[in-house]
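What follows is the residue order along each chain.
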Amino acid sequence: MSDVSKASQSGGFKNKLKNISDTNILLVITIAIFVIMYVIAITVFKGGFLKPQTFFNMLNSDAALIIVSCGMSIVMITGGIDISVGGVVALVSMSCAVNLDYQGGNIFTSILIAIGIGLAFGIVQGFIVAYLDIQPFIVTLAGMFFARGMTTIVHSQQFNVANEAFMKMKDTHIKVFGIGSYNKNGTFVPAYVLIGTIVAIIIVILLFCMLKWTKLGRSFYAVGGNNQSALMLGINVKRTKFIAHVLCGLMAGIGGYVYFMFVASGSPSHASEMEMNAIASSIIGGTMLTGGVGNIIGTLFGVLSLGTIKNIVGSAGFTDAWWTNITVGSMLCIFLILQSVIIARKRRM
Amino acid sequence: MSKIFKNQLFIPIAALLLLVLFNLIVDPAFFALSKGVYDGDSILTGNLISIIDNGSELAILAIGMTLVTAASGGQDISVGATMTLAGSVIVKVLRGSETSPVTLHQSIIVAFLVGCLVAILCGAFNGALVAFFKIQPMVATLILFTAGRSIASWVNNNQNIIIKDEKFKYFGYYLPKIPIPTPFIIAIICIIIMALLLKFTTLGLYTQAVGINENSSRLNGINPTLMKFVSFIILGVCVAVAGLIKASRQEGTISYGGFAKYIEMDAILAVALGGNPLGGGKFNMAASIIGAYVIQFLTITLYARGVNPEALPAYKAVVVIILVVISAPTVRDKISSLTKKLRVPKKEVC
Numbered sequence: 467m468s469d470v471s472k473a474s475q476s477g478g479f480k481n482k483l484k485n486i487s488d489t490n491i492l493l494v495i496t497i498a499i500f501v502i503m504y505v506i507a508i509t510v511f512k513g514g515f516l517k518p519q520t521f522f523n524m525l526n527s528d529a530a531l532i533i534v535s536c537g538m539s540i541v542m543i544t545g546g547i548d549i550s551v552g553g554v555v556a557l558v559s560m561s562c563a564v565n566l567d568y569q570g571g572n573i574f575t576s577i578l579i580a581i582g583i584g585l586a587f588g589i590v591q592g593f594i595v596a597y598l599d600i601q602p603f604i605v606t607l608a609g610m611f612f613a614r615g616m617t618t619i620v621h622s623q624q625f626n627v628a629n630e631a632f633m634k635m636k637d638t639h640i641k642v643f644g645i646g647s648y649n650k651n652g653t654f655v656p657a658y659v660l661i662g663t664i665v666a667i668i669i670v671i672l673l674f675c676m677l678k679w680t681k682l683g684r685s686f687y688a689v690g691g692n693n694q695s696a697l698m699l700g701i702n703v704k705r706t707k708f709i710a711h712v713l714c715g716l717m718a719g720i721g722g723y724v725y726f727m728f729v730a731s732g733s734p735s736h737a738s739e740m741e742m743n744a745i746a747s748s749i750i751g752g753t754m755l756t757g758g759v760g761n762i763i764g765t766l767f768g769v770l771s772l773g774t775i776k777n778i779v780g781s782a783g784f785t786d787a788w789w790t791n792i793t794v795g796s797m798l799c800i801f802l803i804l805q806s807v808i809i810a811r812k813r814r815m
Numbered sequence: 593m594s595k596i597f598k599n600q601l602f603i604p605i606a607a608l609l610l611l612v613l614f615n616l617i618v619d620p621a622f623f624a625l626s627k628g629v630y631d632g633d634s635i636l637t638g639n640l641i642s643i644i645d646n647g648s649e650l651a652i653l654a655i656g657m658t659l660v661t662a663a664s665g666g667q668d669i670s671v672g673a674t675m676t677l678a679g680s681v682i683v684k685v686l687r688g689s690e691t692s693p694v695t696l697h698q699s700i701i702v703a704f705l706v707g708c709l710v711a712i713l714c715g716a717f718n719g720a721l722v723a724f725f726k727i728q729p730m731v732a733t734l735i736l737f738t739a740g741r742s743i744a745s746w747v748n749n750n751q752n753i754i755i756k757d758e759k760f761k762y763f764g765y766y767l768p769k770i771p772i773p774t775p776f777i778i779a780i781i782c783i784i785i786m787a788l789l790l791k792f793t794t795l796g797l798y799t800q801a802v803g804i805n806e807n808s809s810r811l812n813g814i815n816p817t818l819m820k821f822v823s824f825i826i827l828g829v830c831v832a833v834a835g836l837i838k839a840s841r842q843e844g845t846i847s848y849g850g851f852a853k854y855i856e857m858d859a860i861l862a863v864a865l866g867g868n869p870l871g872g873g874k875f876n877m878a879a880s881i882i883g884a885y886v887i888q889f890l891t892i893t894l895y896a897r898g899v900n901p902e903a904l905p906a907y908k909a910v911v912v913i914i915l916v917v918i919s920a921p922t923v924r925d926k927i928s929s930l931t932k933k934l935r936v937p938k939k940e941v942c
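Chains U and Z are the protein sequences, given in the same order.
Start counting at 1 in the first sequence, then tack on 466, and there's your number in the working numbering.
Start counting at 1 in the second sequence, then tack on 592, and there's your number in the working numbering.
Hints are supplied without guarantee of correctness; some may be wrong.
Here are the computed lysine-lysine pairs in the DSS-like style, where the Cα-Cα straight-line distance is at most 30 angstroms [to be verified]:
id : chain 1 : residue 1 : chain 2 : residue 2
1  : U       : Lys776    : Z       : Lys726
2  : U       : Lys704    : U       : Lys681
3  : Z       : Lys769    : Z       : Lys627
4  : U       : Lys704    : Z       : Lys627
5  : Z       : Lys791    : Z       : Lys926
6  : U       : Lys812    : U       : Lys636
7  : Z       : Lys853    : U       : Lys812
8  : Z       : Lys726    : U       : Lys678
9  : Z       : Lys726    : U       : Lys704
10 : U       : Lys776    : Z       : Lys932
11 : Z       : Lys933    : U       : Lys704
12 : U       : Lys704    : Z       : Lys791
13 : U       : Lys704    : Z       : Lys874
14 : Z       : Lys761    : Z       : Lys874
It should be emphasised that the hints constitute simulated quantities derived from the structure, not laboratory data.
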């Protein structure tokens, strides 16, 4: 279904378009729209968007969403869905906060807790989805309820973390070499990123390579494209689905810790609707819920597009809270219709 | 025996019986009905009444959700958001421009019809995306899921409104001289209308045909696009009714972020608990409706056991997972093959 039609390179534009796989065509659209949007933002609002730090701030605040969305994309490529990720992120940040402040934990134990929670959710949900053959939506829905409920059981109020070593790690600014802007006094201020951003970028690269060049990565696409033919090819479909969910859970755990590093507090209402943002980013990035089509780089640009549109709406003076969601919704709508029209046209050619 | 197990109604009814049994053992007083007074009239109160009362919105939504699931093979996750929008529009029409109106600006019927129109438009929007643009339902409805609540707060400028009108409260509380809460009566009316529709029209048959095999139903002269569209429109009407009840319960005070929160999840759970395949095809409306009341039963049981409302989802999730795992076909096959293995040696001994 996806990356197969790359055979003949000859022929006119129509033929060339036909030869681009679904994954690539959606990816190209996403990147193009992100670039166009950013250029429009620069020309209209000038000042703010020209500063490199604006872009890096977007990366810094969306690092957790990038990681979580990557995990979501993998599950969606295999044809499943995981809506528990927002709950897991909230549970992870609450547990880590409690561990650091009330149980005398250190950074190492809190990271272990984060990864442990993520893996546990991934393994249990993956087992039920893959081996007991129950719809992923229902299972991960229950997972979301469970995580949200557990968050309030762990601790019911919002509180800020005061652990010194952790705060030091949270405030570590890593300077980006050679990029920056001049402040009012004319001195050069280098742009910076947070540790979470570095983690997010490493994960994006790792997962991109895995999906592109490893046997496991290719089998994700095969399972999502067509269950039956994947089985005929000798792929262990159940195990592949299981691994996809475990990976997604792991990403939710790591993403939860990165989120925790950004907010440095625990609260039952943290990361509300993060699962929907992650699904939206994946879709804008060209991953299809039917499975078999998707790309991690696209997901990265999906998150960035969402961040840009939120920034633009804020800068344009629509400060009422509801405008953000309305624009995100309409953007999602445009992308979905665009995707469906393009794929329908490509099929007809 | 195996016939009983295979009947679709088995799962929700078994779950219901389990809950009843649990309550009987732990605290038989759970089922006590007592007489209360509301507005000078004597009414019935008790846990059972609050189950049928508070489960009404869920049951009404489950009706529409079952049809959408069967026809499109996906779920509408925007019902909570569109319910908020419908409620918000109804309140807006009733209040005009005042925040606590003394007299209503429009009759409730007009307000409901406007709310209904908006909800149907939302349904048509979802339905058009799903039926004409062939977008997966869950993704298509994600749009209104993200934007719906924001539009709702935009409609009323994010104001807190109180409508203290006797007639408006009828829909969420009690009608004069009737001891049963009105939401339950409305739910029963909806169920009867749906039952008549399924009985005397081809709606049910066509919906199932489209869900089972879209291509073969087209070859048989059914318009799959239309059927999917219609199912979303019906869900829109259900959403408007549920929105009216909920808005009346809150006396017009709508908290735009928390109004009917997670009800879309509960509605989908009701469909799943009813044993309907979430991938579309065959459906059993009665099973879904019972499923909806089972979920409410579970909620009230947990409240009665003193569970913190914030922590409620965790317990709900455990129960749901257990129910779903038990009812999964693979697990049931394994259990039945196990029991067969156990039976065979016994026969040889005999």
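A quick look at each hint next to the structure:
Using a Cα cut-off of 30 angstroms, the hinted pair Lys776 of chain U and Lys726 of chain Z holds, with the two alpha carbons roughly 28 angstroms apart. Between Lys704 of chain U and Lys681 of chain U the CA atoms are separated by roughly 15 angstroms; this keeps the pair inside 30 angstroms, and the hint holds. Under the criterion of a C-alpha separation no larger than 30 angstroms, the hint pairing Lys769 of chain Z with Lys627 of chain Z is consistent with the structure, at around 13 angstroms. Distance restraint check for Lys704 of chain U and Lys627 of chain Z: the Cα-Cα separation of roughly 55 angstroms exceeds the 30 angstroms cut-off, and the hinted pair is therefore not satisfied.
As the CA atoms of Lys791 of chain Z and Lys926 of chain Z are separated by approximately 37 angstroms, the hinted pair breaks the 30 angstroms bound. Taking the CA atoms of Lys812 of chain U and Lys636 of chain U, the gap is near 47 angstroms; set against the 30 angstroms cutoff, the hint is violated. Note on Lys853 of chain Z and Lys812 of chain U: the hinted pairing is violated, with a Cα-Cα distance of about 40 angstroms set against a maximum of 30 angstroms. Taken as a hint, the Lys726 of chain Z and Lys678 of chain U pair is honoured in the structure, with Cα atoms around 28 angstroms apart against an allowance of 30 angstroms.
Taking the CA atoms of Lys726 of chain Z and Lys704 of chain U, the gap is near 28 angstroms; set against the 30 angstroms cutoff, the hint holds. Of the pairs offered as hints, the one joining Lys776 of chain U and Lys932 of chain Z is violated, with about 60 angstroms between alpha carbons and a cut-off of 30 angstroms exceeded. Restraint check for Lys933 of chain Z and Lys704 of chain U: satisfied, since their Cα atoms lie roughly 26 angstroms apart, inside the 30 angstroms limit. About 41 angstroms separates the Cα atoms of Lys704 of chain U and Lys791 of chain Z, which puts this hinted pair outside 30 angstroms; it is violated.
Taken as a hint, the Lys704 of chain U and Lys874 of chain Z pair is honoured in the structure, with Cα atoms around 26 angstroms apart against an allowance of 30 angstroms. Proximity of Lys761 of chain Z to Lys874 of chain Z is assessed by CA-CA distance (about 38 angstroms); at most 30 angstroms being required, the pair is judged violated.
Violated hints, listed in ascending order, are 4, 5, 6, 7, 10, 12 and 14; each of the other numbered hints is respected by the structure.
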